[in-house]
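Engineer: Given the sequences, and given the hints that come with them, work out the whole structure.
Same order as they appear, the protein sequences are chains A and B.
Residues in the first sequence are numbered from 1 upward in steps of one, following the working numbering.
Residues in the second sequence are numbered from 1 upward in steps of one, following the working numbering.
If you are wondering where the hints come from, they were derived from the structure by calculation, not from laboratory data.
Examples of chain A residues toward chain B, derived with CB under 8 angstroms:
no. : residue
1   : Met1
2   : Leu88
3   : Asp89
4   : Pro112
Heads up, simulated DSSO-like pairs for lysine-lysine below, C-alpha to C-alpha not over 27 angstroms straight-line:
no. : chain 1 : residue 1 : chain 2 : residue 2
5   : A       : Lys74     : B       : Lys381
6   : A       : Lys2      : B       : Lys187
7   : A       : Lys74     : A       : Lys16
8   : A       : Lys57     : A       : Lys74
The structure displayed is predicted, hence computed values, not measured ones.
Yeah, the Cβ is synthetic: ideal placement off N, Cα and C, and Gly gets one too.
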Amino acid sequence: MKYVIMFTFDPELDAKVPADRMQGLYGRAYQWYAEHAAQIADGGVQLQPVETATTVKYGESGTVLVDGPFSEAKEVVGGFSIIDVPDLDAAIALVRTWPFLELPGWGVEIRPILTIGSQPEE
Amino acid sequence: MSGSDAAARPDDASAPSGPSGKVAASDLLLSQVVREESGRIVAALARSLGSLDIAEEAVAEAVDEALRAWRKGGIPPNPGAWLTQAARHNALDRLRREKRYREKLAGMVPGVDSESAAQEDAWPNSPAELDDRLPLLFGCCHPALAPEAQLALTLRAVCGLTTAQIARATFSTEPATAQRIVRAKRKIGATGILLRIPEATDRAARLDIVLTIVSVMYNEAHLVAGGDAAADRDLADDALWLAGVIVAALPREAEAHGLLALLLFHRARESARSVDGELVLMADQDRSRWDQTLIARARAELEQAARLRRPGRWQLHAAIAACHADAETAVKTDWLQVLVLYDLLLGYDPSPVVRLNRAVALDRVGAPTAALTEVDALEGKLTRNHLWHAVRAHLLRRLGRDDEALAADLHALELTANDAERRLLAARTGR
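Structural biologist: Take a look at the structure:
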């Protein structure tokens with residue numbers, strides 16, 4: 001099954017992390033992709049800082065342009081990848097080894113990709 | 001949702017009661033038969049269809065049909081086969097309506113239109129193989145589902161309760177419960193949660209979630225808001241039954257034996273716990289009313305667990321319950337032993353509720369001041385729990401601080417939603 005994994009973090013908390021520790025984590029994240037290459041269907045992307053976000057929203061009299069991310073939450077999406085593993089347990093096990101999860105504020109959201117035959121029945 | 005919940009479970013206190021005791025007895029039998037069979041059928045159907053959602057709906061509908069038919073015509077000689085046949089029929093109906101499942105029909109062809117009982121032998125029902133309900137149970141209690149969803153889905157898919165019963169037992173409304181169950185089933189289907197017992201590394205943690213849900217199931221039976229202490233015995237009975245199913249399927253799991261022992265100890269005290277709808281605290285219970293047969297079974301389970309040499313929190317909870325069962329009178333309770341067991345329990349479960357119970361033991365070994373300090377340290381963590389205020393009131397009274405004790409009792413009174421507990425606290429505050 002294919003899942004998108006979305007990396008989320010709190011920029012304020014990340015800003016408090018010493019640069020050398022951050023550097024080390026980036027190195028280990030790079031290795032993580034290499035080690036799990038067989039399960040990674042698409043490396044995905046890392047996003048520019050949230051300050052660069054622009055959101056176009058629904059408005060009653062036409063679309064509205066907003067300077068900022070879609071959500072006002074403290075946590076922001078930092079990037080995503082696509083993994084291909086047998087089931088959710090395998091996805092959870094893989095994601096648990098993501099090096100940045102050592103940092104407060106970090107999270108990884110796991111979402112299955114909609115495919116033919118897996119549509120919700122509503 | 002379909003109309004599958006139209007028939008309330010027959011022993012549901014809210015259902016219209018029959019004209020005689022005879023009807024009630026046969027209704028009780030009906031619900032036991034349903035409970036014994038429905039989880040197996042959901043598990044088997046879910047496996048062959050690859051859809052828990054459809055399997056569960058089909059079985060719920062079959063249960064509904066069965067309750068209506070059997071109440072009139074009596075229980076057939078092989079109720080499992082009857083339910084299986086009906087559920088399968090319903091499932092096939094649903095599949096025919098859904099294009100995307102059509103290809104799966106191919107795999108079911110041998111049974112599609114057959115009425116022969118021989119077909120039923122192909123369904124996994126042999127005690128020799130691992131109980132099919134266990135993988136279903138572990139799937140329903142997957143940690144990716146919220147605890148409320150785990151509980152509701154387990155009650156529905158494994159125990160065969162109707163949405164109405166689940167709503168009542170879990171302080172929820174029927175629409176909210178129905179939605180919770182549908183979402184949980186769909187999440188299982190859409191996210192690739194497998195109905196299976198997890199591998200070694202995750203197994204202990206996942207079993208603990210399952211056991212927790214069974215324990216919650218037992219406790220919820222006693223906490224129904226607006227209910228009397230004796231009401232909803234049935235959910236407690238379901239929990240005991242399920243604990244027994246788990247032990248039978250996983251006899252090498254010490255914690256499963258521990259939980260069953262704990263629930264049996266609690267059940268043994270049941271008839272002394274509630275007198276004329278009034279709650280009686282353990283210290284005041286008539287111990288001659290404790291069920292010695294159940295206590296003996298509980299002890300046997302606990303010994304079985306101990307032989308497996310894998311200690312854990314459920315066994316410790318059961319060992320504490322055993323200390324109470326051993327005491328002929330409340331004053332003869334070995335509180336020092338209880339305290340030691342709570343100290344050990346904290347190593348597995350440092351939750352505020354365990355700390356609160358440990359404080360009670362601390363008081364009983366003659367350290368009420370230390371107990372109050374410990375209780376006060378939990379302020380903010382348990383302030384919404386009436387028991388915290390009730391224990392605090394008791395300790396304050398012991399220490400001669402009567403005004404503060406009364407205030408604490410009144411807080412407890414405000415917070416409890418259960419009628420029987422409310423009356424007990426009201427008696428204490430003279431209201």
